[in-house]
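J.: Listed below, chain by chain, are the residues.
Protein chains: 2
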Amino acid sequence: MPADQPPHTTATRPGGRSARVRADVVAATLAEVAEKPYEQLTVETVATRAGVHKATLYRRWGGMDGLIADALASSADQAWPIPDTGTLDEDLRLLAREVQETFTDPELRTTPTALISAALRSDLGAAALNTFFTARHRQAAAVADRAVERGELSAGIDGAELVRAATAPLYHRLFITGEPLDDRAAERAAAAALLAARAGLFDTAD
Amino acid sequence: MPADQPPHTTATRPGGRSARVRADVVAATLAEVAEKPYEQLTVETVATRAGVHKATLYRRWGGMDGLIADALASSADQAWPIPDTGTLDEDLRLLAREVQETFTDPELRTTPTALISAALRSDLGAAALNTFFTARHRQAAAVADRAVERGELSAGIDGAELVRAATAPLYHRLFITGEPLDDRAAERAAAAALLAARAGLFDTAD
Numbered sequence: 001m002p003a004d005q006p007p008h009t010t011a012t013r014p015g016g017r018s019a020r021v022r023a024d025v026v027a028a029t030l031a032e033v034a035e036k037p038y039e040q041l042t043v044e045t046v047a048t049r050a051g052v053h054k055a056t057l058y059r060r061w062g063g064m065d066g067l068i069a070d071a072l073a074s075s076a077d078q079a080w081p082i083p084d085t086g087t088l089d090e091d092l093r094l095l096a097r098e099v100q101e102t103f104t105d106p107e108l109r110t111t112p113t114a115l116i117s118a119a120l121r122s123d124l125g126a127a128a129l130n131t132f133f134t135a136r137h138r139q140a141a142a143v144a145d146r147a148v149e150r151g152e153l154s155a156g157i158d159g160a161e162l163v164r165a166a167t168a169p170l171y172h173r174l175f176i177t178g179e180p181l182d183d184r185a186a187e188r189a190a191a192a193a194l195l196a197a198r199a200g201l202f203d204t205a206d
Numbered sequence: 001m002p003a004d005q006p007p008h009t010t011a012t013r014p015g016g017r018s019a020r021v022r023a024d025v026v027a028a029t030l031a032e033v034a035e036k037p038y039e040q041l042t043v044e045t046v047a048t049r050a051g052v053h054k055a056t057l058y059r060r061w062g063g064m065d066g067l068i069a070d071a072l073a074s075s076a077d078q079a080w081p082i083p084d085t086g087t088l089d090e091d092l093r094l095l096a097r098e099v100q101e102t103f104t105d106p107e108l109r110t111t112p113t114a115l116i117s118a119a120l121r122s123d124l125g126a127a128a129l130n131t132f133f134t135a136r137h138r139q140a141a142a143v144a145d146r147a148v149e150r151g152e153l154s155a156g157i158d159g160a161e162l163v164r165a166a167t168a169p170l171y172h173r174l175f176i177t178g179e180p181l182d183d184r185a186a187e188r189a190a191a192a193a194l195l196a197a198r199a200g201l202f203d204t205a206d
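These protein sequence lines are chains A and B, in that order. For the first sequence, the working numbering begins at 1 and goes up steadily by one. For the second sequence, the working numbering begins at 1 and goes up steadily by one.
Derived from the structure by calculation, the hints contain no laboratory data. There could be a bad hint or two in this list.
Computed footprint of chain A on chain B, listed as stretches where at least three residues anywhere in the stretch have a Cβ under 8 Å from a Cβ of chain A [as the list claims (entries may be wrong)]: (1) 20-33; (2) 52-65; (3) 103-110; (4) 152-166.
Pairs of lysine to aspartate or glutamate, EDC-like flavour, derived with a Cα cap of 16 Å [unchecked claim]: (5) Lys54/A x Asp24/A; (6) Lys54/B x Glu35/B; (7) Lys54/A x Glu44/A; (8) Lys36/A x Asp123/B; (9) Lys36/B x Asp24/A; (10) Lys54/B x Glu44/B.
Not close to chain A: a few residues of chain B, all C-beta gaps over 10 Å, as computed [claimed, not checked]: (11) Thr42; (12) Ser75; (13) Asp77; (14) Pro81; (15) Leu120; (16) Gln139; (17) Arg146; (18) Tyr171; (19) His172; (20) Ala193.
Note that beta-carbon positions come from the ideal geometry of N, C-alpha and C, so glycine has one too.
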């Protein structure tokens with residue numbers, strides 16, 4: 001939402017009209033982003049698809065990049081299943097494999113790939129990506145917390161940095177170098193992150 | 001160069017007119033990319049800056065995204081100093097620190113950051129990024145070759161994968177998550193890559 005539209009000026013309670021409008025607009029944005037190249041995206045077609053007047057979209061979201069940023073924020077708000085298998089090794093493998101499967105499965109990959117690519121196109125989108133990944137890394141750091149509780153890692157570890165290490169090589173292939181991402185790359189990323197964590201490389205205390 | 005413009009149709013010998021035109025056009029493209037947001041880039045202003053007729057630019061490069069892709073290809077062609085300090089540990093640290101310094105120093109960062117960001121905007125640019133990073137990884141794999149010669153690593157290692165591991169976390173912060181990139185992050189990436197290499201994670205033989 002733009003800064004000049006604070007929550008108390010519209011009904012934003014869960015299930016309220018404003019929340020339903022947002023859900024419809026986010027769904028329409030995701031559908032458009034998945035179907036069209038960035039250059040062909042317009043507020044008008046999102047409005048038509050969502051059944052919302054385009055003036056409302058311009059007022060609340062500012063424009064197409066604001067819609068893309070909010071679709072990403074909406075994804076970040078959703079609960080994300082964090083592996084809890086009982087070992088850090090397996091939890092990290094599942095985290096990496098989940099990224100790999102999401103972005104390589106022909107059925108699953110379309111929307112998240114298009115959403116991240118579209119967000120990389122604007123400053124608003126880049127800020128939303130930063131918020132999105134910061135939230136994801138913080139949530140997934142639970143695998144490190146549990147490993148500390150089990151005595152697998154020492155208490156000073158930066159869990160977000162561990163998660164970042166296990167997944168960065170995958171996003172790097174997908175969105176920067178365009179190199180293929182196979183099971184092997186995911187396994188390697190998880191195994192390398194585990195080794196580094198055990199060696200104390202992610203400890204916060206120097 | 002577009003596929004319909006094979007080298008033998010124009011004078012492409014080093015120092016020839018065609019090579020000088022390309023050098024002028026690449027320099028003008030880099031200057032424009034560094035100064036303006038992607039949306040404001042035009043073939044016309046590159047043409048004016050390079051002192052080349054815009055019809056020539058459209059014919060040889062197709063458009064702005066072709067110019068950006070060729071500027072990246074031109075960068076990939078340039079020799080890149082690969083560290084050779086005598087230890088793999090220090091070579092990897094220097095590789096990672098070079099990326100970190102290039103993209104965080106206020107003087108150095110502008111052009112390469114703008115060039116990669118611009119390339120991420122189009123399919124042509126993405127293909128050029130893939131070629132660019134494939135070449136970089138292959139060149140820098142010399143640090144692994146030398147480590148094998150010194151007996152620091154076993155002969156089966158995939159040197160490009162080692163280089164990728166030492167640098168992926170940095171590009172991930174810079175171009176995807178927008179998280180800060182400090183000395184510590186560069187040191188961690190190099191140290192984690194070294195641990196993984198020593199543990200045999202990058203060995204090509206299964």
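J.: So, for every hint listed, does it hold in this structure?
T.: Cross-check of the supplied hints:
1. Interface restraint, the region 20-33 of chain B with chain A: violated (0 residues with C-beta to C-beta distance below 8 Å; minimum three).
2. With 0 residues bearing a CB less than 8 Å from a CB of chain A, the region 52-65 of chain B misses the requirement of three and the coverage assertion fails.
3. Against chain A, the region 103-110 of chain B contributes 0 residues with a C-beta closer than 8 Å to a partner C-beta. That does not satisfy the three-residue criterion, and the hint is violated.
4. Only residues whose C-beta sits within less than 8 Å of a C-beta in chain A count toward coverage, and the region 152-166 of chain B has 3 of them, enough to reach three; the restraint holds.
5. For the hint linking lysine 54/A to aspartate 24/A, the alpha-carbon distance of about 13 Å falls within 16 Å, and the restraint holds.
6. At most 16 Å may separate the alpha-carbon atoms for a hinted pair to count; lysine 54/B and glutamate 35/B exceed this at roughly 20 Å.
7. Restraint check for lysine 54/A and glutamate 44/A: satisfied, since their Cα atoms lie roughly 6 Å apart, inside the 16 Å limit.
8. Of the supplied pair hints, the one linking lysine 36/A and aspartate 123/B holds, its CA atoms being roughly 14 Å apart against a limit of 16 Å.
9. Between lysine 36/B and aspartate 24/A the alpha-carbon distance is near 35 Å, which puts this suggested pair outside the 16 Å criterion.
10. As the CA atoms of lysine 54/B and glutamate 44/B are separated by approximately 6 Å, the hinted pair is consistent with the 16 Å bound.
11. Listed as a non-interface residue, threonine 42/B keeps its Cβ farther than 10 Å from every Cβ of chain A; the least gap is roughly 15 Å.
12. The claim that serine 75/B is not at the interface with chain A holds, since no C-beta of that chain comes within 10 Å of its own (minimum 15 Å).
13. Distance to chain A confirms aspartate 77/B as a non-interface residue, since its nearest Cβ pair spans about 18 Å, more than 10 Å.
14. No beta-carbon of chain A comes within 10 Å of the beta-carbon of proline 81/B; the shortest separation is about 21 Å.
15. Chain A draws leucine 120/B into its interface by the beta-carbon criterion, the shortest separation being 6 Å against a cut-off of 10 Å.
16. A cut-off of 10 Å between C-beta atoms confirms that glutamine 139/B is not in contact with chain A; the least separation is 14 Å.
17. The beta carbon of arginine 146/B is kept farther than 10 Å from every beta carbon of chain A, the shortest such distance being approximately 21 Å.
18. Not every CB of chain A is more than 10 Å from the CB of tyrosine 171/B (nearest about 5 Å), against its label as outside the interface.
19. Look at histidine 172/B: its CB is around 4 Å from the nearest CB on chain A, not clear of 10 Å, so calling it non-interface is violated.
20. Non-interface call for alanine 193/B relative to chain A: violated, since the shortest CB-CB distance, roughly 7 Å, does not exceed 10 Å.
Hints 1, 2, 3, 6, 9, 15, 18, 19, 20, counting from the list given before, are not met by this structure.
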